[in-house]
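When you get a sec, could you build the whole thing from the sequences and use the hints?
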Amino acid sequence: MAWPAEDRRATAVPKDGEPPLLTDEMKKELTEKYFPRYPTRRAVLLPALHMLQHHHGWIPMRALAEVGEFLGISPAEVLDTASFYEEYWLKPKGKYLIQVCRSLACEIYGSKRVTEQIKKKLNVECGETTRDGKFTLVELECLGSCGTAPAMLINDVLFEDLTPQKINQVLDGLPEDAHKFRDPTVDWQ
Amino acid sequence: MTPEELSKIATIEQEEQQQHKHVIQVCVAAGCLSSHSDQVKDALDKEVSKRGLENTCHVKGVGCLGLCAAGPLVRVQPTAKPDAAVMYQAVTANDAADIVSSLEGPPVKRLVCPTNVPFFTRQKKIVLENSGIIDPDRIEEYIAVNGYAGLLQVVSTMRPSEVIDEVMRSGLRGRGGAGFSTGLKWSTVAKGRGSTKYVICNADEGDPGAFMDRSVLESDPHRVLEGMAIAAYAVGASQGYIYVRAEYPLAVKRLKAAIRQAERAGLLGNNIFGITFNFSIDIRLGAGAFVCGEETALIASIEGKRGTPRPRPPYPAESGLWGCPTLINNVETFANVPPIIRNGSAWFAGIGTEKSKGTKVFALAGRVTNTGLIEVPMGIPLREIVYDIGGGIPDGKKLKAVQTGGPSGGCIPEQHLDMPVDYESLAKVGSIMGSGGMIIMDDTSCMVDVAKFFMEFCRSESCGKCVPCRVGTAQMHDLLCRITDGSGTADDLTLLIELCDVLRATSLCGLGQTAPNPVLTTLQFFKHEYDAHIQKKTCPAGSCTIHAPAEVI
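Residue numbers (my numbering), protein chains in the order written: chain A, 1 to 189; chain B, 1 to 553.
If you're looking for bench data, these hints aren't it; they were derived computationally from the structure.
Hints should not be assumed to be uniformly reliable.
Claimed, not checked - For lysine to any residue, the following SDA-like pairs were computed, each having C-alpha atoms within a straight-line distance of at most 20 Å:
hint : chain 1 : residue 1 : chain 2 : residue 2
1    : B       : K256      : A       : P36
2    : B       : K305      : A       : W89
3    : B       : K305      : A       : M61
4    : B       : K305      : A       : L79
5    : B       : K465      : A       : L79
6    : A       : K166      : B       : Q39
7    : A       : K33       : B       : N270
8    : B       : K305      : A       : Y88
9    : B       : K305      : A       : P39
10   : A       : K33       : B       : Q261
11   : A       : K112      : B       : S460
12   : B       : K465      : A       : A76
13   : B       : K253      : A       : H54
14   : B       : K8        : B       : G266
15   : B       : K305      : A       : F35
16   : B       : K253      : A       : H179
17   : B       : K305      : A       : I73
18   : B       : K253      : A       : I154
19   : B       : K305      : A       : R41
20   : A       : K33       : B       : K253
Unchecked claim - Residues from chain B that face chain A, not an exhaustive set, calculated with beta carbons under 10 Å:
hint : residue
21   : C32
22   : F211
23   : S301
24   : I302
25   : L321
26   : N370
27   : I440
28   : T444
For glycine and all other residues, C-beta sits at the position ideal for the given N, C-alpha and C.
As structure tokens, this is what we get:
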């Protein structure tokens, strides 16, 4: 999780003139909905990052700088916080994020086989994205679905009692447009 | 909202419910939902309206019915005789017609899930009393089962100090794991300096194998809100936060809906029940860091910083969020508060053991027949949970160990199965109550591998702030890897034990201090498995891949 030692020298420098990643609508929502609830602006950092990630699929460096400017904290501090949390993607991820639970209850019921099969099917390792940018595969800690293990999340839809057949079925059945797959009942912050 | 309005809502809702001859409850908690219980509910809805039974039969989505392994679960309850309810298991949309047809006759035999079995009869439900009964998306149903009556009672008839006394007398202890006295914590916050105080609900459930909080939030979100509001009144806070894992989308959705409804009804917000008591609740989404379940890390995270713990004291009860006195309780702790107020502390103190009062919700998982959510009185023998409620070990296998408390807990072997489940007894065998995850393992699980699993968890979830935890967990994980792949030596084992002491004594927060527990308990009860890996280069359970050539003995 913490202390990534990544080489960021190759990171693209923010360019002037491009439309801001933290849009005016986002700023408005943050100002109206979030600022009144907290005594400091910094407290809104995590919701702002959630918002950016939800909108762009990941959080580019330029967006971190923009958030910093908006909340009055230095870009380094924003990076410091953002890089701490596993949830935030500071590099692009696929349209579909497959998160397989690797917790003990799932492991007892064969989560390793699940991961292996997905790896083989998509030809990726954990943490990697397929060449066409459609899938990213990661393992994560307990999804709280231990009663119906093994489980995985694809974007924000939960799949349980996984079997090899079920995995093939699910992966083959995903629409090309990932937005169509989004669970409409879940309203993300 | 006035008291009269509250009781009016309850009466209207109760009368409306009485009008229906039957109510069909479909579990729409995450477990059943993922096996398409929503389609079952739609099919039942259609079937009922096709036959024109809308006025006599009500189909509704409810929270967790408990037996997740047999989902989707459906319960058919005649309004006049609630005890004559029939439970159906593994229901599909195609079964809808048969279920509706059976309303006036005998139940559909092939689907019946017997409820006179220990899984249901041995449980004692307080926190889960409404789970599977009410529709979590409707505040009216919660109010109809005495919801928010506790809050009303508190703000209209009790002084804050009386509320704290009542909670203190009930003997309620924190359900997040450590078991600190809830009343004592509340009184510390109440005595805290300053006029700004906060109440935080810790719903950052991260222990592997634990899903109690998720289920409570999905099945009965208003209960948690009510508990928080009562706490806020008692300690003098006006702002509350629920810190919930982003990985629980359904729980987040239900909570948001519940907060909106409560605000609209005037049960949250300003001048609750017409007195000068203001309390609002906001949701904070976590961002995938286990350590944020630690209270000081959680506070840092809400403040918008890295979720790293800080040394205590000062405890959050004295100086927490933005330096203000802050009450942090777990979901289940708050969920226990409304019934304690409604039924009185003596009632609650009458359940459980001398030092551990009330009930505890456990998430049964692993190699056990009935996986799912259970609530049992404190002090129940572990054996009863595994064999009576859990239905024993499937496939004719033998029980090896019960893991409680997640990465901070330990593995309890067969010989201690008759011990009562309470805070003290679990601590005596080196484990902890924890938040309530209970993973059952049979003889195909290697205990060294289990210890390695939890150490890997701690290693990757260590926040990196203090050296013993950051480096120690990595070293211990390496040593356990060597032992499980057959290249371990006796010296490695010595070093491993030494590191256990170092981490316990010198880590900054609970994560590092308790990280050695899985190793220590497996060493205590399953030393022979370590020896087999090191000396004979074999894995008794046959689950580890030994790379080193087996020595000829």
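**Asked** In ascending order, which of the hints set out earlier in this document are inconsistent with the structure?
**Response** Checked against the structure, no hint fails, so every one of them is satisfied.
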